[in-house]
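**Student:** Keeping their order, the protein sequence lines are chains A and B. If you're matching positions, the first sequence starts at 2 in this note's numbering and goes up one per residue. If you're matching positions, the second sequence starts at 30 in this note's numbering and goes up one per residue.
There's no promise every hint is true.
Not close to chain A: a few residues of chain B, all C-beta gaps over 10 Å, as computed [said to hold, decoys possible]:
#, residue
1, L59
2, L84
3, A118
4, Q120
5, A157
6, M177
7, K185
Chain B side only, calculated, beta carbon under 8 Å to chain A, not exhaustive [claimed, not checked]:
#, residue
8, G64
9, Y71
10, A155
In short, the hints are calculated from the structure, not lab data. No residue lacks a Cβ here, since even glycine has one placed at the ideal position from N, Cα and C.
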Amino acid sequence: MSIRVFVPLDTSAVSVGADLVAAAITTQARSAGRNVTVVRNGSRGMCWLEPLVEVETPSGRVAYGPVRAADVPGLFDAGFLEGRPHPLCHGPTEQMEYLRRQERLTFARVGVIDPVSIPEYEAQGGFRGLRAALSMSPADIVQAVTDSGLRGRGGAAFPTGIKWKTVLDTPADQKYVVCNADEGDSGTFSDRMLMEGDPLCLVEGMIIAGLATGATRGYIYLRSEYPVAQRVLETAMAAAERSGHLGGDILGSGREFRLEVRMGAGAYICGEETSLLESLEGKRGQVRFKPPLPAVRGLFARPTVINNVMSLASVPVILEKGAAFYRDFGLGRSRGTLPIQLTGNIRQGGLVEKAFGVTVRELLYDYGGGSATGRPIRAVQVGGPLGAYLPASQFDTVVDYEAFAAIGAMLGHGGFVVFDDTVDMAAMARYAMEFCAIESCGKCTPCRIGSTRGVEVMDRIMKSEDREGNLVLLQDLCDTMLNASLCALGGMTPFPVMSALKHFPEDFHRHRA
Amino acid sequence: MPDSASASVPEPDVVDSVIAQWHSRPGPLLPILHGIQAGIGYIPESAIARIAGALNISRAEVHGVISFYHDFRTAPPKKHVVRVCRAEACQSMGAVQLEAHVKSRLARSRDVEMEPVYCLGNCACAPAMMINDHVYGRMTAETFDVLMAEHKASAKGRRKKA
Chain A
2 MSIRVFVPLD
12 TSAVSVGADL
22 VAAAITTQAR
32 SAGRNVTVVR
42 NGSRGMCWLE
52 PLVEVETPSG
62 RVAYGPVRAA
72 DVPGLFDAGF
82 LEGRPHPLCH
92 GPTEQMEYLR
102 RQERLTFARV
112 GVIDPVSIPE
122 YEAQGGFRGL
132 RAALSMSPAD
142 IVQAVTDSGL
152 RGRGGAAFPT
162 GIKWKTVLDT
172 PADQKYVVCN
182 ADEGDSGTFS
192 DRMLMEGDPL
202 CLVEGMIIAG
212 LATGATRGYI
222 YLRSEYPVAQ
232 RVLETAMAAA
242 ERSGHLGGDI
252 LGSGREFRLE
262 VRMGAGAYIC
272 GEETSLLESL
282 EGKRGQVRFK
292 PPLPAVRGLF
302 ARPTVINNVM
312 SLASVPVILE
322 KGAAFYRDFG
332 LGRSRGTLPI
342 QLTGNIRQGG
352 LVEKAFGVTV
362 RELLYDYGGG
372 SATGRPIRAV
382 QVGGPLGAYL
392 PASQFDTVVD
402 YEAFAAIGAM
412 LGHGGFVVFD
422 DTVDMAAMAR
432 YAMEFCAIES
442 CGKCTPCRIG
452 STRGVEVMDR
462 IMKSEDREGN
472 LVLLQDLCDT
482 MLNASLCALG
492 GMTPFPVMSA
502 LKHFPEDFHR
512 HRA
Chain B
30 MPDSASASVP
40 EPDVVDSVIA
50 QWHSRPGPLL
60 PILHGIQAGI
70 GYIPESAIAR
80 IAGALNISRA
90 EVHGVISFYH
100 DFRTAPPKKH
110 VVRVCRAEAC
120 QSMGAVQLEA
130 HVKSRLARSR
140 DVEMEPVYCL
150 GNCACAPAMM
160 INDHVYGRMT
170 AETFDVLMAE
180 HKASAKGRRK
190 KA
């Protein structure tokens, strides 16, 4: 009988040699006369161990990593096909500390199954949510999502059920479901990991959104930096069409939902929902004025559900296990789980899906194991390039939308970027302004002009030119951008800048001309 | 990607077939531009009027869209394109120094060009970069030198075979 060996096709794994490892395993098996099937799965999210290779044994899957192609002959010699010990062996995958202590609801199947196999997806609970939804009225589906407490995982944390209800209640000849897969925040990759590791979960979530709101067409707007995700998604969608889960007659119900992937073109601003809709329509990705909300007048001026990948991928489990099951995770008004991404200067970087309520410190040290360089962690930027920098004194903050808002920070898309004590926070503040200037859509003045002036002011501060006067000017500029910008890009760029200035003022005073 | 650009198909044919494939579908402009760039390597000036005519929009609108998005280019790329991630997570692991190294290595290169990129979604294996259409993680100056040489050698190998 053939032994199954799992080597991730995930971009991160491939970026550190997974394709070479897969090829080496196939070659080695052939020359050793062993019957091996290499399965290309998603990543388990333990990125520091990538490429993480798993062998299926009678007593479960055993993990080895990080494996280089050169390690493969030694692994065969050590008997890794029987799950035997080796310096790279971590024992049974499911028992590994990093995974065992997570609450994986959205990522339950990622890294476990062959991402494009309908039978494997169904064997692990896939399409149960869809079957449940097909037996419910649209209003009941919307109610279940509302009751689950799910809030937009893209960053804005708006209640998903309320958005859906608006679309359901707005009559139109055509409605749309649009998935925002333009994951541009530095320090985030959960959307990519899910789309590469369990694309059918997103597809199922979008079909359910369609059933709930009366939308029969969907688009996944995917950033062009994710070609692997595109390939895996399109393969999975074709399989779902063949199996009758997607298309003109969903599981014989007579209901319709058609889905298409559209690629972005390297504009960060297209992660903003109205600019994304403009881009899908074939225009420059410039932000629209709101109202009207996309739920009333969205894509091609029709009512549109527009949700992040994580929000939509959380829907199947809510329909499968019920709103109460999901709501029982978390605390306060932050219900369910958040897929957190530990990145940057961190020893054990990867994906940690936890119920809301875990502290920043636990994530950084218990999961992350401290900095990669071994130096003290000085700052963590949470929530992407528009998120605040947290100093060590704020590491006891719990992961909760309201707790983060209370300290002038935000969770955003759950990205944590870790910096050690060699970081220059004035340079990071300057970079925040520079990034805003590069990516501004140009529609509103505070963002378009303010960001460029911000870079200039930071340059003067870093050259010690009238430092006190320029710091006042910087504060003033940030106030204007915060209050007068059209969208979050200009409106939140002041968050990293002001948090750097507030918590690390010494860095703004040490530069010399 | 420059490596896969097929020089054998004449430009007008690529443009016409991509337009024919997309023009009756909703929101076709970005897919058309991607299709042309995938086929030719860039968006030639001559394509703009044809796209505008087919979609019944002005040439200024087509130009406006091309110039808005970082991905679209109006001149042929060099043989190899290197994109070093400049975003925060990669900066925390030395991307600024890596970028300086790459820049100095490529300063006089005639067949390699460098473009900035802001996040490749490989932030737990920082610093990251792309060489042609391959994403690489945990990069160092040394691994860049090795990988760049491999890409150049494999391009030469392909030319010999052809």
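**Student:** Go through the numbered hints given earlier and state which of them the structure violates, listing their numbers in rising order.
**Tutor:** 1, 2, 3, 4, 5, 8 and 9
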